[in-house]
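Going down the list, the sequences are from chains A and B.
Using this note's numbering, the letters of the first sequence correspond one by one to residues 27 to 389.
Using this note's numbering, the letters of the second sequence correspond one by one to residues 32 to 378.
Hints are computed from structural coordinates only; laboratory data are not their basis.
Fair warning: there could be bad hints in the mix.
[Claimed, not checked] With a straight-line cut-off of 35 Å between C-alpha atoms, the simulated DSBU-like cross-links for lysine-lysine are:
(1) A:K320 x B:K156
(2) A:K138 x B:K311
(3) A:K320 x A:K370
(4) A:K370 x B:K156
(5) B:K133 x A:K320
(6) A:K320 x B:K168
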Amino acid sequence: MMASLTPQPHIATGLTDVAQPSREEILRVNDLTVSFPTDDGLVRAVRGMSYVLHEREVLGIVGESGSGKSVSSMAIMGLLPKSARITGEIFYRGDDILTMRAQQRRSLRGRKIAMVFQDPMTALNPVYTVGDQLAEAVLAHELIPRKHALARAEEMFALVGIPQPRQRLNSYPHEFSGGMRQRAMIAMAVINNPDVIIADEPTTALDVTVQAQILEKLLEVKDAVNAAIILITHDLGVIAGTAHRVLVMYAGKPVEVTDTDGLFERPRMPYTAGLLGSIPALESDVDDRLRPIKGAPPSLIHLPSGCPFSPRCPLATDVCRTDEPDLLGTDAYDHLAACHHWPKLARADDPTMYFRAESEIVR
Amino acid sequence: MSATASAAAPDLPAGTDEHLLEVRELVVNFPIRTGGVFRRVVGHVQAVSGVDLHVDEGETLGLVGESGCGKSTTGRAILQLHTPTSGSVRFDGNELTALPHKHMQEVRRDLQIVFQDPYASLNPKMPVNDIVAEPLKVHRRYSDDSPARVAELLRLVGLNPEHGNRYPHEFSGGQRQRVGIARALALRPRMLVLDEPVSALDVSVQAGIVNLLEDLQDELGLGYIFIAHDLSVVRHISDRIAVMYLGKIVETGTRHDVYNRSAHPYTQALLSAAPAANPKAERQRERIIVTGDVPSPINPPSGCRFRTRCWKAQDICATEEPALVDRGHGHPVACHFAGYRGSRSAR
């Protein structure tokens, strides 16, 4: 690798280098709703979410804090507290996870559907060595000698790029840096050859150089174990570089679902356009003003009537305040958006322009 | 103000060609002590190791780097919130490191800070009006006109003055950050140190704060030190940029120099690692992955501090520390093997 005369840096594996998704469905979520009763009223965290995940696909779920993106994935894993009220269907290869017997469900969780959490320091147990914790993930599902489980853990450490894997198995989580801990989390997630990896903000707590390492590893292990990834993030930049398809969440509902290029080039939901207008360009010195979305996301207890985005939306009309739009096909049949006025966005040269006038008035 | 300032430093003429803020050779070390009775010093965390920078009125200097690189410590040491171990911080002709506490308080009128976490930096037991008025009281500027001034400040940062008697928990994150900015502006400062002011906010809210900061700068002619790890926000708001790694500035220049003509391998790796919200460009460009993590600032590598993760590193990098000088790239770079990478500038 270092044979050439001028030394070259290591260039990351990108989305074009990994195996492409097939059309086979492995996960189908149908009209999932999750709500939590509280003293102040019912918090409707997820209000009807449907999507399909294909084999080897990276599906990005993006949304701001409180949009329900994490709660919906916790529902798939069965990690929500008992007080949560869940309805809908979640099919894993044809079987509904929500109606399964607890034992059946346990055998899926951590084996066929694995999870990488945001904060590896709280997700790992501080009083056990990482090796023990990886071995436990194996032994929870298989009756094999501990030694074999540890050998597998060592293999996984090598796979995720932890140097000296054998020695590092005996380390405790606090001896690892943030990036190393997240690698250990990924190793734990893939140790049972899962079909689906749910990565919930896997790089939010990390610096950009380490984030790049971790995202590359995620794509590499995806190929190594032939899994699909649900990548939950609030960072559209991460989505742009690592997801095949994207689902945008707002106030507990998907508001736009499409392939990554379509989302960035042809947003059909004003919220997506607003998000895109809020991000400063990294590639240019153009001093355009940012175009923020006015206001704040709605309370999930007292949702506005009609479209939940209508109070913040520059395109909103009377119909938006009375009828909540369904997630339907737009100009492309697989480009879904929940907006009464998507044709207006389709006609605009720059969909973020609707947010401009307001940002200019704000003083 | 000017009377006391010249009294504190009488030997300094009010130079017209001086920068508003000038930092030279700033060093901040934090002692590491044992847990015993004597609390012996067993080492030092070298948080900032010789930083030079300057900011003029109406100008924004972006300070970027990863966590632990000393960017926040630099910001706080400028305000003397951390006592610098050595080096000089000159603000408006005053040497702050030698200034007695009483005079320092007067300087703070002109030099204010906005903190990262709008949840932690506002007193939850005070209504917003009192929070914004507090600097006026501390500096004995509170008078009968002050309630009107507070209302004016709230309007300036885009908040409704009628909400001034509400408490911080009644506001959203973005609104709280606006309160923090209003408080920093209460004494009509000339310069703000913005320590990750938008990092804790959602993108749609973040854009509003960035716009507000730009408007305030145009209106009031403030100088900004904008500390952040988000490279796209820094590029958007800054005139000049300094890239920090492990307590040192490795590359500095105008925004164009640093982003389009970066010559330090660390800057190149940092920029290429930052994800851009453009899927086509993301697929085409090379993303440099530097190996490993940032070394400990307790015992930094000899010579160049980036050499342990650098693909260009050779023997000289371990023995000789590269100085931050212009090496024919039009802006200062601290690397023995500085050079452009073709692919980046082609983007």
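Notebook entry, point to check: What hint numbers does the structure not satisfy?
Noted result: Of the numbered hints given earlier, those the structure breaks are 4 and 5, listed in rising order.
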